[in-house]
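Given chain A, put chains B, C and D in place with the hints provided.
Same order as they appear, the protein sequences are chains A, B, C and D.
Going by UniProt numbering, the first sequence opens with residue 1, and the numbers climb by one from there.
Going by UniProt numbering, the second sequence opens with residue 1, and the numbers climb by one from there.
Going by UniProt numbering, the third sequence opens with residue 1, and the numbers climb by one from there.
Going by UniProt numbering, the fourth sequence opens with residue 1, and the numbers climb by one from there.
Hints are supplied without guarantee of correctness; some may be wrong.
Derived lysine to aspartate or glutamate pairs resembling EDC-like cross-links, with alpha carbons at most 16 Å apart [unchecked claim]:
(1) B:K421 / A:D248
(2) B:K334 / D:D268
(3) A:K334 / C:E218
(4) D:K365 / B:D195
(5) C:K365 / A:D216
(6) D:K334 / B:D268
(7) C:K365 / C:E218
(8) C:K420 / D:D248
(9) C:K420 / D:D268
(10) C:K365 / A:D336
(11) C:K334 / A:E282
(12) A:K423 / B:E269
(13) C:K335 / A:D248
(14) A:K421 / B:D268
(15) A:K365 / A:D146
These aren't lab readings, by the way, just hints derived from the structure by calculation.
Number of protein chains: 4
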Amino acid sequence: MKELINMGLKIVTIGGGSSYTPELVEGFIKRYDELPVSELWLVDIEEGKEKLEIIADLARRMVKKADVPIQIFTTLDRREALPGADFVTTQIRVGLLDARIKDERIPLKHGFIGQETNGAGGMFKALRTIPVILDINKDISELCPDAWMINFTNPSGMIEEALLKYGYTDKVIGLCNVPIGIEMGVAKLLGVAHDRVRVDFAGLNHMVFGLNVYLDGENITKRIIDDLASGKSASEVKNINDINWEPDFIRALGVIPCPYHRYYFMRDEMLQTELEEFKKGEVRAEVVSRLEKELFEIYKDKNLDIKPPQLEQRGGAYYSDAACRLINSIYNDKKDIQPVNTRNNGAITSLPHDCAVEVSSVITKDGPKPLSMGELPVAVNGLVQQIKSFERVTVEAAYEGSYEKALLALIINPLVASDKKAKILLDEMLEAHKKYLPKFFK
Amino acid sequence: MKELINMGLKIVTIGGGSSYTPELVEGFIKRYDELPVSELWLVDIEEGKEKLEIIADLARRMVKKADVPIQIFTTLDRREALPGADFVTTQIRVGLLDARIKDERIPLKHGFIGQETNGAGGMFKALRTIPVILDINKDISELCPDAWMINFTNPSGMIEEALLKYGYTDKVIGLCNVPIGIEMGVAKLLGVAHDRVRVDFAGLNHMVFGLNVYLDGENITKRIIDDLASGKSASEVKNINDINWEPDFIRALGVIPCPYHRYYFMRDEMLQTELEEFKKGEVRAEVVSRLEKELFEIYKDKNLDIKPPQLEQRGGAYYSDAACRLINSIYNDKKDIQPVNTRNNGAITSLPHDCAVEVSSVITKDGPKPLSMGELPVAVNGLVQQIKSFERVTVEAAYEGSYEKALLALIINPLVASDKKAKILLDEMLEAHKKYLPKFFK
Amino acid sequence: MKELINMGLKIVTIGGGSSYTPELVEGFIKRYDELPVSELWLVDIEEGKEKLEIIADLARRMVKKADVPIQIFTTLDRREALPGADFVTTQIRVGLLDARIKDERIPLKHGFIGQETNGAGGMFKALRTIPVILDINKDISELCPDAWMINFTNPSGMIEEALLKYGYTDKVIGLCNVPIGIEMGVAKLLGVAHDRVRVDFAGLNHMVFGLNVYLDGENITKRIIDDLASGKSASEVKNINDINWEPDFIRALGVIPCPYHRYYFMRDEMLQTELEEFKKGEVRAEVVSRLEKELFEIYKDKNLDIKPPQLEQRGGAYYSDAACRLINSIYNDKKDIQPVNTRNNGAITSLPHDCAVEVSSVITKDGPKPLSMGELPVAVNGLVQQIKSFERVTVEAAYEGSYEKALLALIINPLVASDKKAKILLDEMLEAHKKYLPKFFK
Amino acid sequence: MKELINMGLKIVTIGGGSSYTPELVEGFIKRYDELPVSELWLVDIEEGKEKLEIIADLARRMVKKADVPIQIFTTLDRREALPGADFVTTQIRVGLLDARIKDERIPLKHGFIGQETNGAGGMFKALRTIPVILDINKDISELCPDAWMINFTNPSGMIEEALLKYGYTDKVIGLCNVPIGIEMGVAKLLGVAHDRVRVDFAGLNHMVFGLNVYLDGENITKRIIDDLASGKSASEVKNINDINWEPDFIRALGVIPCPYHRYYFMRDEMLQTELEEFKKGEVRAEVVSRLEKELFEIYKDKNLDIKPPQLEQRGGAYYSDAACRLINSIYNDKKDIQPVNTRNNGAITSLPHDCAVEVSSVITKDGPKPLSMGELPVAVNGLVQQIKSFERVTVEAAYEGSYEKALLALIINPLVASDKKAKILLDEMLEAHKKYLPKFFK
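Okay, chain A solo, but in the shape it has when bound (with noise of 0.2 Å):
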């Protein structure tokens, strides 16, 4: 990292013009004493023109409120932007909400689970993504090698996964609210401060448990599932319908699920739900882009020099405060922990040692150290495993364009599990997003 003697961090935000930056602003303001940051640059594409500019014209009011010297900047050329960067975040969406609606809706209609990260959806979303993110690598290992890569673009395990694999650098972390949101959850639970929880998380992402909760540091696991199995919830995402546990499978589960664990141990139930969303033109993705466009219209108010409450309810909140914690812990070689998505590298031993993971690791300015978590629990082991095949085909399916293996992704999801009909599937998404899948279609 350079040195810093009249000048301080440069951050470069790819898909700055994100709802989500106001977060990711005030992250920087409040910790800006001891994470000096002097350049925001915000990058974004054609279609977000008008976005990235309404978030950077309310970046420059918040900086200017919080009177810290942050310069923030614009751009639509990444390669402009990224000479110098100490830190690169990644917060983009190919295709934006559109495809997102499409990767929800056109599931539904033959009747699987449509989701962004999760299933036929979730794959798509690898599909379109992947491409865009190595090359984005690429550039990284060109203009600034030595920059953290950080990246909360969904679905982020498998976009680790294909950064670790097909990569240009290594210094790549991914990001997700949903374990700091369960350890929040937990310290609401408890009516404690966030600090005195702690939990060991081990898994994929959005694919996570919670394998020990500890309040100061004594482990309080058992009480947790019993506060689960009384209907308590212990996540402050509320990112999806968030249905009450079986009492008596939770207890046998032992562990602490994340919120997407619905997907799989309430299919029927879920599924349920989102058709009847789906009937009324309510999936999720429909319900955050009049989200989103609302809060595009408080952002455009020139009095707005803060972070608005309304974006709370987004449901990615923490995301970007997560990035900023961790920013600030590599920064300052803070050696707290925190769950990041990394290279397993033994810590899950059940897991290849190469695959990304999401994992409590202690971060230090040399990166994240994930803890040893050992094996994974008998009862859970099988089902990450399987999204673990899912993941790593998907990545191969992506990055070779492959139509064989995205078919051979999607029957072997638990989600969709149907040869047949999810070739038809296949095919109509993909056309669909033919725009997107230059590799499918060369």
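Here is chains B, C and D on its own, set in the frame of chain A:
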């Protein structure tokens, strides 16, 4: 093994009244020259007494016709039969076919696949059978500790898992007719004799894959995959509906699935087919029940002194012959390669070393020695891991009589995967099988 | 851990009459504000009674001088001391220094390296100590089952291995001053404060490597290797002869060895050096024996009320301070990183998951959580594995009192490796230590 | 493999002028009925031209006497011989016996064991041979890519490791006469035919253990261990001094060591024995050099038309026969069990999956399929790991021509283990072998 002077081998068959037994008898007759069986003890329970005598009478006519000095004994007390046994085969059905009918119909009633060895049905067959099998194994450990126990009771993989984890002797091998059926199917496809074909099998029982196919030692896997893709069948075992594989899928899969994989890769189609059978009162168990009755009518015929050809339609063809082949190879230290269920011991590197797997093994007098298969291909590893998790939790549930673990097993099974419906299903099935689940109702 | 209202922590130190104890007392005094020890029980055996009282008196003067309310107790009956303990430290020497003199001199007499923790000497120290340590652990499991047992009795790695394999409680941690000595040595080399340096430690006790060295979080391993190659020392612990490393070797090794690696990478030179000391009657144990006597003379001085500076020359410097630091981090859930001996649990992927390793770990109230270190570099993996084999066979020999396993352990040790001479050596050492090896002479 | 219509197999033997070749020719003659070799190409280098012609003439007399239509060809240009080859055997000696004399004498001069395949001598043989073997393998990949390469050049394990890591074709198998010698030794001990005995071999080349011994399929390991303990020999291979094992040691070891283990378990005695031979100018290479000269005199005899009995004393007995046996089993898809050097692939779970091991394997037309051996016993795992580390570092040193890695390999070898002396030794040996180490002197 005892010295054979004027005496031959003693075989004890628990569940001797099974309709399969004539195949077993035929197997011993045709191998008599190298496998000198002198005593075959057929053991059954009180409810099976009539069938037992029908089978024993047929067996006596068969050995008489073949002019081999195999003596047939019957008993309802296995402890009378076991002393001095060299091999004990187990082919029991706790709850008889009535229980199987429930295993198939009750899940279907709730919209889940109902099947003898998979999903809820497979789990309940395991819950009923494991305690009984462990008791048999305990008797063996006392009365004939050097005997090999050859199990072909379903679900064969979970039973092997239970025997390895909770059993009293190490000499336990599980058998299935699925892999041998695939080898024979490939041979038929190629129009060659079975012994020119060899398949590298790796996976779990009813979850086994053919990783490589050889003709006269040459790897012809790709050619067989292409045959499968063009709609040909590579299995001689017709226990389940033989729907064609999706060509692009099977090519991307790259290995030979077993017929039961249809439940996981064609979930919807298989369910629809079963639901139609359900409505007609023709689920597999009901069909088998009728076939059984017809078979026993045939067996009663005093003029019948060979295995009747109708047995081959029964579904379990080659099971008993596979058992004779295995016994022969152990007894004569043949060192030929056969797929069996045994302790993994590193043969499939991605599965725990101590778990039961179905794997091509060299058969020696000292038992099966698995061939190293390396890692499972990434596309299939996940599903195999998931079923292994299900198996391990089920085995614990059976051993402990744990309601919570049974519920957990059901929910992590990819054919169920819905917690609230799983609980309803579990409760109904527990009640239906109450008589055979003493550990759950103590 | 019990609620602390008006009371502080209770520490029990088995082997309290050790010359190291003043460092321990000093450690508690200087941490009193955050680690409120109210009772320190010093336990020793009859033969150590006089030393125990000298130490206890000094300790009382020290706490008085420091004006902290730590009460010092002594007893010859550990079962009197243990009830209610929060932490039990063990620093015993079965057979006292006389036994160590034999451990060093007898092997040298036969031309083998004679050393407290390596080779034949290390093995005999383990054989004498393990049964006693297991008895202590058994008492802890009965009298204060929630207490953490912190062992710094040598050979610390084999003792941890024995506790993990045969012990009665899980809360057992082994400590050594070698890794902390390396960190301090590196800091000294760099001229910076210790807390700016961090080393990734992985291996076994006295067989640990520094895989990476960080200054303020930046990886400076190569720079430190170059320093070692140019003859600088990276260890503040001077227990053994500090011969320079061969520059080309250390560069190819690529990681930081610990001082004890000289026995394995400079076998001949170390042996020659020791043989000279042997002839002069100045083997390390003899030197230490004299130092001890001098120390106790100093300790007797009624005017002494601090840890005397002479103690730092004793060889075990930082041992006790490391123990206090560890206790403090557990008590206060500090989540700092310390190297300890604990269960591997996958942290070093190339070693068995259940064995004892020495590894950088995050220290929490719930105990140490090892950081994932991945595979050991190929160049050092072999030696570490070999010593782990030696350790495991030795631990079994100690537990079973097995002559054959003791012989086996000696022969597979790379410092012995000669079967007939090993047997002669073994017989002589067994006879010499007969009194302390009841399991071998029953 | 090509279709055989009017033609038989083509074998190419690189190093055809070796004194072992008559055994190879005999092996092909006696198997002619099932292994129809039509062409045997003997290839050698200019310096070996005279020997090559002597051998070729003898071979021609042998096939004529046996009346089999095997044609013998000679060439000094392997690229002339390779096209169309079905099997290529390699039995080369880079630097001839003069180099081996240096490999043995120079280490002994410095007080280290001097041996062809172990310690410094083994390392230098690897450094000289690996680049040449890789070149041969490259030619094979171009000129006869479907051919199997069967290497019995020493050090066979490191060469297999190099071929697996840096080679151009996958069809590479390493052979050694040590395991077959043990099986034959056990058979002799028992007074039974070789084919009634089977040993489970696992380990590395010249570092292989017999984990279990079977007579007619029954496990008689304990009985053989007792025989070894009572001073009997279980090896027919007499390459090295056959000192008796210490009875208590061998019983505790519990597995059958190979003769070369004496270097690691009887280090001092072996060194003393060698030092005496050194003084007398009778190190093994010198003895062999004389034997070779005598053999070639015998081979020249125009009346000799069989393999002369004197060859069996040469030390490498059974090597060539083992090669013929292996070729025969591959060609005829025999599926018999033979110990070979091949990729581990999980067969020995405690070793890396991708490294070369020596392990009992089923030999098929598709190559060797290792039997799962599970974990190595703890007592031997360490030494095997250490030698594997040495092998891997040596292979890298050979490939890269790295002085530092060569020094590292030497120091981590347990027969050297002394850094400063290792450097002196390394420098002297590099100079002595300069001509054959172009990568180190570029």
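Numbers of the earlier hints that this structure fails to satisfy, in rising order: 2, 6, 7, 11, 13
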